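K.L.:
Protein chains in written order, with numbering that gives the first Met the number 0: chain Y, 0 to 218; chain A, 0 to 216.
Don't take each hint at face value.
To be verified - For each label pair, taking beta carbons as the anchor points, the in silico distance ranges come out as:
(1) Y/W118 <-> A/V49: 40 to 50 Å
(2) A/R44 <-> Y/G81: 50 to 60 Å
(3) Y/A197 <-> A/C136: 25 to 35 Å
(4) Y/E210 <-> A/C136: 39 to 49 Å
By construction, these hints were calculated from the structure, which means they are not laboratory data. Only a predicted model underlies this, so the values are computations on that prediction, with no experimental measurement involved. Note that beta-carbon positions come from the ideal geometry of N, C-alpha and C, so glycine has one too.
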Amino acid sequence: MQVDWTFAASIVPTLGQAALLTLAVTAAGFAISLVLGLALAMLRRSRRRIFALPAALTVEAVRGTPLLIQLYFIFFVLPEYGIVLPAMLTGIVVIGLHYAAYTSEAYRAGIDNVPPGQWQAAGALGMTRPQVFRYVVLPQAVPAILPALGNYLIAMFKDTPLLSAIAVVELMQRAKIIGSETFRYLEPITIVGLYFLAMSLVAAMLVRALERRLRIPPA
Amino acid sequence: MTEFLPILLDGARVTAAITAVAALLAVLLAFASGLARLSRLTLLRGISIVYVELFRGSSLLVQLFWLFFVLPHFGVTLTPFQTAVLGLGLNIGAYGSEVVRGAVLAVPAGQTAAADALGLTGYQVMRYVVMPQAFLCMLPLWGNLLIELLKGTALVSLITVSDLAFRAYQLNQATFRTAEIFTMALAIYGLLALAIAGGTRGLERRLSRHRLAREHL
Numbered sequence: 000m001q002v003d004w005t006f007a008a009s010i011v012p013t014l015g016q017a018a019l020l021t022l023a024v025t026a027a028g029f030a031i032s033l034v035l036g037l038a039l040a041m042l043r044r045s046r047r048r049i050f051a052l053p054a055a056l057t058v059e060a061v062r063g064t065p066l067l068i069q070l071y072f073i074f075f076v077l078p079e080y081g082i083v084l085p086a087m088l089t090g091i092v093v094i095g096l097h098y099a100a101y102t103s104e105a106y107r108a109g110i111d112n113v114p115p116g117q118w119q120a121a122g123a124l125g126m127t128r129p130q131v132f133r134y135v136v137l138p139q140a141v142p143a144i145l146p147a148l149g150n151y152l153i154a155m156f157k158d159t160p161l162l163s164a165i166a167v168v169e170l171m172q173r174a175k176i177i178g179s180e181t182f183r184y185l186e187p188i189t190i191v192g193l194y195f196l197a198m199s200l201v202a203a204m205l206v207r208a209l210e211r212r213l214r215i216p217p218a
Numbered sequence: 000m001t002e003f004l005p006i007l008l009d010g011a012r013v014t015a016a017i018t019a020v021a022a023l024l025a026v027l028l029a030f031a032s033g034l035a036r037l038s039r040l041t042l043l044r045g046i047s048i049v050y051v052e053l054f055r056g057s058s059l060l061v062q063l064f065w066l067f068f069v070l071p072h073f074g075v076t077l078t079p080f081q082t083a084v085l086g087l088g089l090n091i092g093a094y095g096s097e098v099v100r101g102a103v104l105a106v107p108a109g110q111t112a113a114a115d116a117l118g119l120t121g122y123q124v125m126r127y128v129v130m131p132q133a134f135l136c137m138l139p140l141w142g143n144l145l146i147e148l149l150k151g152t153a154l155v156s157l158i159t160v161s162d163l164a165f166r167a168y169q170l171n172q173a174t175f176r177t178a179e180i181f182t183m184a185l186a187i188y189g190l191l192a193l194a195i196a197g198g199t200r201g202l203e204r205r206l207s208r209h210r211l212a213r214e215h216l
């Protein structure tokens with residue numbers, strides 16, 4: 000089979016629009032997982048089991064089951080309770096929730112790595128626990144886990160094609176529609192693959208650069 | 000609820016079969032590619048880098064669709080099951096390649112030097128000195144990758160393989176008993192993931208018995 004370059008060029012603008020939508024979904028979903036992940040991490044570290052246990056169970060259940068089934072679950076179950084969201088919004092929320100379980104583990108590792116002396120010293124200065132958290136612990140924990148968060152951002156980006164399964168017309172779905180209309184799948188799907196490849200490789204390079212910058216020079 | 004269970008379990012068998020065969024392919028590819036990456040031959044290293052970046056850099060679903068829709072145009076016709084196994088094996092194998100490379104590099108250089116000094120050949124050093132240590136060190140990471148693989152198998156339902164996700168979707172379309180069906184499907188996936196985690200932990204304990212024995216001397 001020959002590559003039809005004119006056809007390939009003709010579908011680039013349509014795919015480009017869908018690619019922007021994919022980026023928007025990733026950005027919105029990641030914003031959810033950054034906030035929710037921190038909340039889950041704090042709950043899981045809580046000394047009260049009533050908070051810690053449900054948080055731990057949620058994280059493990061979400062990480063142990065496929066994103067696709069979670070998408071179906073929320074997409075088909077919510078309407079039964081009268082909550083009808085657009086497919087796109089459902090997709091963003093579910094992918095955000097899914098990755099919150101992953102980011103929460105990164106936050107937890109970052110917080111655990113702040114030396115206990117920091118907590119004690121801040122406490123001795125008369126700071127309340129929320130103050131210690133906000134002004135002492137988080138500013139040290141978050142920069143250390145930025146590369147890990149960056150990797151989850153890339154992973155989430157690569158998972159956005161799953162939203163096509165609940166009828167969100169993102170990049171993959173757009174390529175399939177073009178394919179079924181023209182009976183040419185080679186060009187659209189290959190372009191989508193190359194797009195993901197290019198974006199992830201650039202993003203991975205940025206994460207590596209960030210890692211190098213953050214590396215604490217040996218004393 | 001019980002009327003759905005046989006159908007879902009039937010799908011779970013397909014899911015388990017795909018996971019098992021794809022895992023085998025992934026392990027083979029990961030060892031071949033991970034060791035090629037450490038080779039002195041530029042060509043082997045190059046092939047390994049291209050393979051790993053290609054399959055880690057793009058999306059699993061896009062890869063499956065590419066194999067499913069585009070390969071037939073090149074005259075390669077695979078069954079959906081074969082496509083699923085090939086796609087998942089290639090994808091997880093690329094992640095596994097880095098696991099193998101990391102674990103081999105983590106074996107202290109003194110081990111290789113000592114084995115060399117004892118007159119072992121390159122193959123023998125790898126087989127009897129480096130691999131037994133590297134293998135133990137990579138087991139927990141393989142456990143995580145196999146769970147990723149299991150979760151990834153749900154995507155094969157989108158290329159018409161009749162796995163657990165596919166059965167759940169179809170049952171839902173036919174009966175609209177959404178909450179029950181998908182809760183059961185999630186639970187089955189969760190149990191399969193627990194089984195994989197338990198299996199790798201068990202293997203790890205078994206393979207590290209000699210370490211414990213030595214520590215107790």
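K.L.:
Now, for every hint given, state plainly whether the structure supports it.
P.N.:
The hints, checked one at a time:
1. Y/W118 <-> A/V49: 40 to 50 Å: holds, 47 Å
2. A/R44 <-> Y/G81: 50 to 60 Å: holds, 58 Å
3. Y/A197 <-> A/C136: 25 to 35 Å: Holds, since Y/A197 and A/C136 (Cβ atoms, about 33 Å apart) stay within the stated range.
4. Y/E210 <-> A/C136: 39 to 49 Å: violated, 22 Å
The structure is inconsistent with hint 4 alone, although it conforms to all the rest.
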